[in-house]
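Which chain is which? The protein sequence lines are A and B, in order.
This note's numbering puts the first residue of the first sequence at 1, with every later residue one more than the last.
This note's numbering puts the first residue of the second sequence at 380, with every later residue one more than the last.
Treat the hints as calculated values from the structure; they're not laboratory data.
Glycine included, C-beta positions come from ideal geometry on N, C-alpha and C.
Watch out, some of these pointers could steer you wrong.
[To be verified] No more than 27 Å apart at the CA atoms, straight line, and that leaves these computed lysine-lysine pairs for DSS-like:
1. K679/B to K549/B
2. K776/B to K882/B
3. K496/B to K56/A
4. K56/A to K500/B
[To be verified] What follows is a set of in silico ranges between Cβ atoms, one per label pair, in the way DEER data are often shown:
5. I204/A to A390/B: 35 to 45 Å
6. R213/A to F544/B: 29 to 39 Å
7. F53/A to A397/B: 44 to 54 Å
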Amino acid sequence: MYTNDFVRRMQSPGGERRRGRSMHIDIPLLLTLIVLCLGGLMVLYSASGQSAFYVKRQAFFMLAGFVAMILVAQFPVRFWERYAILFYGIGLLSLVLVLFFGVGAKGAQRWLDLGFTRLQPSELMKVAVPLMISAYLGKRPIPPSFNHIAVTLLLIALPVFLIVEQPDLGTSILIFAAGFFVLFLAGLRKRYLIGTFLLALAAIPSLWFFVMRDYQKQRVLTLLSPEDDKLGAGWNIIQSTTAIGSGGLNGKGWTMGTQSQLNFLPESHTDFIIAVLAEEFGLIGVLTLCTAYLLLIGRCMVIALNSQSQFGRLIAGSLSLTFFIYVFVNMSMVSGILPVVGVPLPLISYGGTAIVTLFLGFGILMAISTEPKRIRIDL
Amino acid sequence: MIHDAAFSDPARERRVFAGRLFITCFVATILTTVVLFRYFDLQIKRHQDFATHSDNNRVHVRPAAPSRGLIYDRNGELLADNRPSYSLSIIRERSEDLDDLLTEISALIEISDEDIKRFQKRLTRRKPYERTPLKFNLSEQERGVLAVNGYRLEGAEVSARLTRFYPQQKLFAHVIGYVGRINERESQQIDPVAYSGTDSIGKIGLEKFYEDQLLGTVGTEHVETNARGRVMRILENVSPKPGTKLTMHLDSKLQQVAHQAFEDERGALVAIDIKTGGILSMVSAPSYDPNLFVSGISQKDYNQLLNSPDRPLFDRAIRGQYPPGSTIKPLFGLIGLHSETIDLDYSIEDPGYFFMEGIERPWRDHNSKRGGHGSGVDLAKAIIESCDVFFYKMSVKTGIDLLSSYSKVFSLGLKTGIDMPSERTGIMPSREWKQGARQEAWFNGDTINVSIGQGFMLATPLQLAVMSARIASRGKMLQPQLVKAINDVPTAPIELDAPMEIKDEYWDYVHRAMRDVVHSPRGTARGISNGLDYEIAGKTGTAQVISISAEEEYDSSKIDKSQWDHALFVAFAPVDDPQIAVGLIVENGEHGSSAAAPIARMVIDEYMKSNTEARQLVSGGN
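This is chain A alone, in the form it adopts within the complex:
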């Protein structure tokens, strides 16, 4: 398999890897991230209508993210395991605060105004929730018992419930997924797995009638037949698929995409940025991006496999899978396979908190990858 090949290459010890280890930097991870960020800035420049403003801001957040990542990586893995509950608690508290004192736009209340900056606690929970669950299950025997599963589900349900209330269905689903991945990687038994699956199926009608808002339902209906609503919600899908399709194999060239440059494409610098890339760089561009993503995810999985502790394995595995889900959901919704839920394309879409959160996660991965070896167990 293609991934296995990659795994072997990454595992072979090299000089630069040892040098990186002492500074708690995982060189392959760092290089892939730099490549993705630079490519992202290039696409963003075109997608924002050649605006230096957005590119500068985004570059600033990326730099801040890199610094945060390196800082996080300096703390030992056991630190993150021990204080996971603290971060989780702070995150939960700020979610409660958002409900009462939050500020927001378009009917959703998502931000806390700290005076000097705005914080979106739900973003931080994307890291805090899997961290908490990994710390909890990492100390418990496998496979998780019924009681442990119940506690885990409660730990997931609390923030998910608070975020659904904001309302932000997309983020709450992603956080649920991040938590559930930990359970799954910890060896959740098959009968529970099947049970969950059936439960989810049964939950869909109640989700439709009690949780989802009208505009969210509209998005699902739009997905099924975009042509019915050409100028309303269907507009986005029609325009983004047109942008992607008209890109062809080679694309129209950088900053030459008519769909995005003539403002037919909505949200072109945020959630729909992949359509700009597909229009201007064609299928070759899309495949290049996917390769970079797969290299990144592959490296993260290798880190997970080589981790010394169960906690490290679980958190690293969960973070890499969540990252994959972001990419998958975003690329699917823009190309019209999934309904439009506000999921940005990681490292490419414009957005401050999201970028910093991603880098915090990569920081933990670096801490795990550069942890001093205690015992080497060969499989």
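Starting from the known structure of chain A, arrange chain B on it as the hints suggest.
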């Protein structure tokens, strides 16, 4: 379960984890394949369809700019108009080589370095395929040259749009203000949709105050474009709604007379319609041409206006704060009578100076060269001859508290509430004011200075006019207003409060005294009474610019003109049925009687002339 209770088993944990990760990798591979197949399907298999669709994707919504509301004076004379103006813009995406194009254009018409500099700046802020203006106000000849050579200038476009034009030029610059291009700070505050078709905004004056009404509502144009964004035809229109039409109380003719009356002097004049509170004329001299600002003033012109010692950009009428001098004497006399500190029989002996108990330094009477105004100086004489010592004495009896609180009723020290931005309050000093501003207690000496409109006291020409109107109308509390009608619907006069309850005999007395300022042989403004066929009531004033010690004599021949006293005058007319009130100042004009009063006479004359003409016309028609 037995193995649940077992101690941790690292090897097993690792094995289970690896298994699970393998399953997820398997699922992820399937999902990735699905997504990539979707992109393959869209980009390779159905590429042709989408490419065609994208080429035909040409219906575009464009904003259609509303025309800005017109502004008229009370007689239907146009004060702010919209005129088509042609500008040359460049669509960068459509020009092959920008530098080549610019060289080509500068060979045809004159493009200054400043034009280029500003163009480059705008270029960084534009949206793709947006027109970026290079030069405004193209002459007919320039348009011709560009039209003939148009085929060579791919990417350049001459477009017409309505721009603001002020036909009266410098006459109404300060009142009407002007519009200018939206700057970066403003663009963050405005509603981007409402301004999507507009690139200018009211910067000062009425244009700023009534911005929301004047702007109008943006329309939309559905236009068909080809794949490169060039407009092929207009498909559908939602017409923009033009902005509100404003009619002013202002009278162009009166404004012109007032403006000319100032000649080369600096100063300001405000004339108010006493019955409605409407502003008939508002002049700040010297003035400037507001048309310069509409499509961006050149740095050279701007520096010239900014650095001129006469400060033409400064609106003296509502932002200039001057010591009101003796013009406030009638008001303070009224306050003395109303508060019963003095009565109509109260009189003093004036030796030409005044000593306060416990203070060695005397207060001089500025308006008599030798020996003072003599004995038997009552309030009327003190107003007519402008005797300072009378007011020194009276004010000490009345006290600052009464003077201050009643003066505020006559708009001193408060904003008048006129419909213009950035009006200033002036200062009507009081104990609290001094404590707050200077952290000092109030002294009787301060009261004495205030009693002749000096000391800490400051007022704007607008406030003086409003004070004069409220005295003339026997305390009617009307708010000064510029707008007479909005879209031809008249705006009602705004009455701020119930009229001041002051005895009629006091009003009569003060009106009579003010009339005698002009019409009696000893009045300080007797110079303007020649040939009057109606009666003016007034009061002169002189405001010190530099302080003169008690022993020194003020001698204008010895000092620079920029330090000469300011000349002031307040007036209303006709005395029996007051219609117009005026407040004015001539900076460094020396004497209210010689510099300021004649200007008021010219303005009031013009008002009386046109109004009696109008009345005769009406009665003749019957």
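Starting from the hint list further up, note which numbers the structure goes against and sort them upward. 6
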